[in-house]
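Q: On the provided structure of chain H, position chains C, B and D as indicated by the hints.
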Amino acid sequence: MMKTYVKKLVAFLAASAVVFVVFSLLLSNGVINAYYKQIIMTVCINIILALSANLIINFTGQLTLGHSAFMAIGAYAAAAIYRVGLPFFFSLIFGSLVAALFGFLIGLPTLRLKGDYLAITTMGFCQIIVVVLQNIPQFGGAQGMTGIPAETTFAWVFFTMIITIIVLYHVVNSRQGRAMISVREDEIAAEAMGINTTHYKVMAFTIGAFFAGLAGGLYAFLMMFIEPTQFNYFKSMDLVIYVVLGGSGNFAGCIASTGILTLLPEVLRFLGNYRMVVYPLLLIIIMIMRAKNIRLSRLVGMFRRTGKEGDNNAAA
Amino acid sequence: MTFVEFLQQLINGLSLGSVYALIALGYTMVYGIIGLINFAHCDIYMVGAYIGFFAATSLHLPFIPTLILAMAGAGIVGVLVERIAYRPLRKASNISLLITAMGVSLLLENGFNCIFGGDPRSYPHDILKQTNIELGPVHTDSLHLIILATSLVLMVLLQIIIYRTKIGKAMRATSADKDAAALMGINVNATISATFAIGSALAGAAGVLVGILYNSIDPYMGIQPGIKAFTAAVFGGIGLIPGAFLGGLILGVIETFVTAWYSPLAGAIGFIILIIILIIKPSGLLGKKVSEKV
Amino acid sequence: MPLLDIKNISIQFGGLSAVDKFSMSIGENDIYGLIGPNGAGKTTVFNMLTGVYSPDSGTIMFDGKSIAGMKPYDITRMRIARTFQNIRLMKNLSVLDNVKISFVSQTDYGLATSILRLPAYFHQEKDIEEKSMALLKVFNLDGKKDEKAANLPYGEQRRLEIARALATNPKLLLLDEPAAGMNPQETQELTELIRWIREKFHIAILLIEHDMRLVMGVCEKIIVLDYGKIIAEGTPKEIQSNPKVIEAYLGEEAPHA
Amino acid sequence: MLKKFVACALSVALVAGFAGCSGNASGQGGSPAGGAAGGTIKIGFIGPLTGSASSYGQSSQRGLQLLEEQTNKAGGINGQKVKVISVDDEGKPASAVNGGQKLINSDKVAAIVGPVTSTSANSLAPICQRYNIPMITGTGTNVNITKSGDCIFRTCFTDPFQGKIMAKFATDDRKAKTAAILYNNGDDYSKGLAEAFKSSFTGTIVDTETYNTGDKDFNAQLTKIAPHKPDVLFLPDYYSVVSIIMKEARNVGIKSTFLGGDGFDSPELFSIGGDAVNGAYFSDHYSATDPSKEVAQFIKDYKAKYNSDPDAFAALTYDAGKVLFDSIKKTKSTDANVVKNAMKAYNGQLVCGNIKFDSDRNAVKAAVIIKTQGGKETFYKKFLA
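Protein sequence lines, in the order shown, are assigned to chains H, C, B and D.
Counting along the first sequence from 1, when you hit position 155 you're at 155 in my numbering, and nothing is skipped either side.
In short: position in the second sequence from 1, add 1000, done, that's my numbering.
In short: position in the third sequence from 1, add 2000, done, that's my numbering.
In short: position in the fourth sequence from 1, add 3000, done, that's my numbering.
These aren't lab readings, by the way, just hints derived from the structure by calculation.
What you were told as hints is all true, and nothing was included just to trick you.
Below, in silico cross-link-like pairs of lysine to any residue (SDA-like), each with a Cα-Cα straight-line distance of 20 Å or less:
id: 1; chain 1: D; residue 1: LYS3255; chain 2: C; residue 2: THR1140
id: 2; chain 1: D; residue 1: LYS3255; chain 2: C; residue 2: GLU1005
id: 3; chain 1: C; residue 1: LYS1178; chain 2: H; residue 2: GLY115
id: 4; chain 1: B; residue 1: LYS2091; chain 2: C; residue 2: ALA1092
id: 5; chain 1: H; residue 1: LYS8; chain 2: H; residue 2: VAL167
id: 6; chain 1: C; residue 1: LYS1281; chain 2: H; residue 2: ASP116
id: 7; chain 1: H; residue 1: LYS37; chain 2: D; residue 2: ARG3130
id: 8; chain 1: B; residue 1: LYS2071; chain 2: H; residue 2: ILE188
id: 9; chain 1: D; residue 1: LYS3332; chain 2: D; residue 2: LYS3344
Chain H extracted, bound-state conformation (with noise of 0.2 Å):
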């Protein structure tokens, strides 16, 4: 058992690094120049929020639309602190803790509700939260905090969502991860067979909030500059279709996923006023394909299939 582990690991751990030489290699010698490594990091920032949504409402079964909250926490508590003085990796993790903390304290009474309920309260919760960051005068309110050093490289953003894949997988495939799925089955069955559903529905919270909220901090000193409104619920939209489109509860589909769809709105950028037209247009067909069992995922599949393995579920 552990060695069928270390064996995936090193095998995983081994491919990441080939790609990150691959992409270091290009990205030297200017075949993608920084527009695209500007996007390819975009993307690895929206992957760690997507895996961190994904933790939350394809494993857990919590439709949450207020996770950019949680990023915006972490964006605006790292370069609130890192200004303060701390170094840019601590900055990041304080980020994230102080996001956790709000996953928290805003998971523990929303996570009574259900369905539609808990997407509205956690949509309320986002947008009081922008409201309440426009309001505070050291964060340059409105008009957003300026001058925030772009801390963040390639080697960042990319490691850090390799260890968010291999920390959210570990977490996943395990007893808290499958305490987790029981909760998405079926709640009433899980807490008969001894599972504390509200527990493991905050831990799932918690986690992802904390993701989000080191996503945040990544995205904060990539961009330089952060203002509340980036953060509103259209965000946590774009995270719930990127988790949704990524097929339920596999990584690599969520991985997937959220690739093509960050690089979509950029692709389409020829399309110039009709860009933003084209690109619902396609959410619309891609949700209405998927509905008549063309999944995506399954699309990527045929197009690169090697194997024979067959779509496996969550506990992969």
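A: Below, chains C, B and D without anything else, positioned relative to chain H:
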């Protein structure tokens, strides 16, 4: 805050609340029947405002025909949206429907922005005279009263439709259980289309009236009132027509008094109340508690 | 000292007393049946036992501790397991995963151990894997361990639900109409299974059931409920001939044979 | 699990590659000197073409495209055609950065005009500075924008400048003792002006109220302001909002004089606000009735091309483009450092008055006070703070 000022703020609150109520009616109907948070509803409100605008400017129609044309137009758009975007997802999960609604919302907003441009447009001034009404020290205006009256009339009309007519019974059956309703010989698709038609027509009416009240319409006018009206619908008890009306009025009054007290908080107060209500009584003010049977 | 001792528990729903002064006690290894017409309050008693409702009055002592009003997951940790009338399996998960979930409350490695994959994780996971497989083998479901729970035939789904309940290592197993929707052949297999479980796992079983063949075949003692009150108690033979029971079920005075 | 991840990473890289070549395909190869490859000089434009600020973005784009057409008709700059590449930032800083990076690195533009909104300008400025690409915004009024470095210019007022002007105007010209402010707490332009006015107004501020982006009902705030009977009511926001506020203010019975910033300037102000809008004063860059030939010419050309009257956004972005085009013409090169110095030394009479730059590369120019009368904007007074 003197008593006169209190009274005036109460009237302001009710006026603002009547706008929320008018839009919330459509939200609660669609949610009540097929359990969808229809993000695109507030954009059908915008479509109604534009149809009314073109009816009033290029066709030079007076108020009533403009209103009817806008309601009809919005109704048709609503039915089309349901037929094309939502029906294929009838079996899909709630989240997929939510995302599709979001997609339709963006499509309508940016589509209209592409076709008609982002510049705000205004209705002809004489389409509906806005006269100031003085009630002693306090004042309001004819348009707000018309909106309050319209939302009241529409609420009563809706209650009659839903609780007194055959189509209403079909709607309630579909809302209770789509599959069972189908077994009872109810044409579920037609019922849902009817729901969208009525809900969208309401949105169209709201679009015209609010477009005239604030005298400016633009492709993105639906976003902000959409969230507020949706909050009101949930606040009053989602799925209940009187709930939407009551929720709208109360939300309007609370928001107005909070604005008068400390205005920076106004932006968030709608959500703060909503969250408190949802945690204490998840089914909203008028809703009844539905517990899951073991 | 009986394993489970219920004294005069009652509960009202909006003025209507669903269960009125219900008392009962079960020993370490007994199999009791709880029968009665629909709406007699059987499931309500069950729900009070498993923490879904808390009784308005009366006490429930299990293993010497009072569990009235405890949360369902705490009661399960007190080693009372239950199945559901409409089989609440985790449909999208595999058979093996369904059983593994029961071990969550019995293992204790922390979140940090999971994240860092410390040795404790591997030991306990190996243990869970072995126990789960052993249990599946006993219920001969091991062949279908990777099958999705939803794809199992009805009989096997019921067996999996019982296996999953046993995985929580209970002292008392509560079965809520396990034979519902089963044909005679399946019911016969279920009767064997229940008898066998009692021998192999040395646990007490409380059964709610309408299928008299199962109840009479398996239970040592039967309690009959009607309108929330106990109207009869005794061995299967006594209950079969008890006029009050027949009246409760058939509704009118039985012809004196 | 691992096989899937590697496959996904490759598919993402592939898509990025595809986007890469599609991007490069549109630019004719990366030439070292910014955008001066062969026949055309490429200039980037960034603004909100979609989203709730789309009318300001579209208006600015029309201004710059008018300049592009005029310049090309007159033989381009030093014989080279000018090509404006527009990018929509949806009013979101994140899209502004992505769009800007595309213009700089894929389209290899010589310089960027815009972004239109302050938040987008604040987010793109450090990036233009890092890639040494001159960036000139005609409408970003937030004071921090030009602090990012010597590549960043602005041809409009800063919030403090305009706030100071209106405060002085209120006390000197309107002899106002008391003032009230109603501003959008969620908008950087509105908040910046309000705070500047508050700090430099010598009279007493009797009440300050706020609202949020998208609000259309201001009765609650206005009812609270009314009893104070302030001499002036300062409304720092765009025409689409202030026109509604003024109408509602008159309904509530507020008699104060309305003051505002350059956001007032648009023909829509009167069509939305109606009669309530008349009798208001606002600071602006130019007056439509200003006799100077630049203004008259601009309005004539704009009307000819778009058959509608220009607003401040169009004029300001037109000027920003003019400063850039003139500097490139004068130095006969598109090299960033040369162009930057030429722009720093720029001194010219443009649509929005005489423009030269201070040490922070903010435009130093006289402000114009406009009075709204009989449904029209009329020139009231020149005002050098």
